[in-house]
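Quick mapping for you: the protein sequence lines, in order, are chains W and D.
1 is the number of the first residue of the first sequence in the UniProt record's numbering; add one for each residue after it.
1 is the number of the first residue of the second sequence in the UniProt record's numbering; add one for each residue after it.
Keep in mind that the hints were calculated from the coordinates and are not lab data.
Note that the structure is predicted; figures quoted are calculated from it, not measured.
We put the beta carbon where it would ideally sit given N, CA and C, even for glycine.
Keep in mind that a hint or two might mislead.
Partner residues aside, some chain W positions facing chain D, computed with beta carbon under 10 Å [as the list claims (entries may be wrong)]:
no., residue
1, E23
2, R48
3, Q83
4, A123
5, G132
Ranges between beta-carbon positions, derived for each pair [to be verified]:
no., chain 1, residue 1, chain 2, residue 2, range
6, D, S174, W, T6, 51 to 59 Å
7, W, G132, D, T10, 23 to 31 Å
8, W, E23, D, R178, 31 to 39 Å
9, D, E172, W, T190, 33 to 41 Å
10, D, P188, W, G132, 23 to 31 Å
11, W, D191, D, N184, 30 to 38 Å
12, W, E172, D, G67, 52 to 60 Å
13, D, A148, W, V103, 26 to 34 Å
Each chain, written out:
Number of protein chains: 2
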Amino acid sequence: MTDETTRPTTREPDHAIEPIFAERWSPRVFTGEAVPEAELLRMFEAARWSPSSYNSQPWRFLYALRGTPEWQTFFDLLVPGNQKWAEGTGALVFLVSSERMKVGDELKPSASHSLDAGAASLAFALQANRQGWHVHGMGGFDRERAPAALNVPEHHRVEAAYGVGRATPWAELSEEQRAKERPNGRRPITDFAFRGGFPQRQD
Amino acid sequence: MTDETTRPTTREPDHAIEPIFAERWSPRVFTGEAVPEAELLRMFEAARWSPSSYNSQPWRFLYALRGTPEWQTFFDLLVPGNQKWAEGTGALVFLVSSERMKVGDELKPSASHSLDAGAASLAFALQANRQGWHVHGMGGFDRERAPAALNVPEHHRVEAAYGVGRATPWAELSEEQRAKERPNGRRPITDFAFRGGFPQRQD
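Work out the full structure: start from the sequences and follow the hints.
Structure representation (structure tokens):
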């Protein structure tokens, strides 16, 4: 996309990887375009095929489309700082994980329900990007009110919220917006990949 | 790859998605081929670009290569059921997350360190597949002994273990192995994607 090639990036992988990973990023300025439900379902379909402990598939995606009655309920759960930019997104999503999994015929606590939901969250975001949409994750939402507002059952954890939408093209951004609207960088893998165990320092 | 096309699969996406998601799967029969370190680093590089709360990048990958002194330490942490098949892998990896993140100059507890590590874990597995390797995740390891054995600092959580290796080609599997060695299925998205919040049932 022209927009992506003209937008400056700090994402130069140090090792050869599939383009899909460094291509994904989280804008903060969205056009206000609604996300068609069919487009959103493709993103969930990608999440569907993620790995999970005992194939327990603990992820649950709750969503509200812009312009529908549910939108306000979802939007009201976001902290004001996130509402500011999420207003321009076209769908709001809450990711919830089930804390229990079936092992044989028994329901047992899962030690990896959040981890497994996280895998699904990446598939969701990567697929969105390939469809021309962008996903922006949020930890800033009302964690006390969310379970009741979203009718979340017992033994489930509300993990994160996401705004999905169309990123505003670089050419249409103000100078002030441009300063924030470039994909951010990462620490090199030598900072987090250690052979044989952690080195002798706190990290 | 011929191997992948002749291996039966239960993975037929219901919605159009990038092939990378349904292609990934977790074998249980590995050839014993060692994973070159340079190959493994590419997998961590893919993980590197995952999203995380405040870009805190809480994932840590600890690894041992087959045939090196660290291998045995890592291998001994696996439960016997996993040791059985992990013996054929070419690298063992433990994923650890940092429970704290920097917000401004302050170290604060992160509500999403496991979720964020899970995102990184999917990138790692997807990239591995594209390189011709396979990743198999394990929750079954000695969670009490792992932190000391891997020199894991305080405020960190050992999330999961992974075997990385070369999947044995379908043609070389016994009938008994073939029964288990086909990519597993998933529930349809209607089982986990809900508009407006959870439906009125426990799930």
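For each hint, the structure was consulted:
A distance limit of 10 Å between C-beta atoms decides the matter here; for E23 of chain W the minimum to chain D is near 9 Å, and the interface restraint holds. Because the beta carbon of R48 of chain W sits about 5 Å from the nearest beta carbon in chain D, less than 10 Å, this interface hint is met. Annotation: Q83 of chain W was flagged as interfacial toward chain D, and the flag is violated, the nearest CB pair being 18 Å apart, outside 10 Å. Checking A123 of chain W against chain D: minimum C-beta separation of about 5 Å stays under 10 Å; hint holds.
Annotation: G132 of chain W was flagged as interfacial toward chain D, and the flag is violated, the nearest CB pair being 13 Å apart, outside 10 Å. The given range of 51 to 59 Å is respected by S174 of chain D and T6 of chain W, whose C-beta atoms sit roughly 55 Å from each other. Separated by about 30 Å at the C-beta atoms, G132 of chain W and T10 of chain D satisfy the suggested range of 23 to 31 Å. Checked against the hint of 31 to 39 Å, the C-beta distance between E23 of chain W and R178 of chain D comes to roughly 37 Å, which is consistent with it.
Between E172 of chain D and T190 of chain W the beta carbons are some 37 Å apart, a value that agrees with the proposed interval 33 to 41 Å. The hint said 23 to 31 Å for the Cβ distance between P188 of chain D and G132 of chain W, and at roughly 24 Å that hint holds. The supplied range of 30 to 38 Å is met by D191 of chain W and N184 of chain D, whose beta-carbon atoms lie about 35 Å from each other. For the pair E172 of chain W and G67 of chain D, the beta carbons lie near 55 Å from each other, so the given range of 52 to 60 Å is met.
Between A148 of chain D and V103 of chain W, the C-beta spacing of about 27 Å keeps the proposed range 26 to 34 Å intact.
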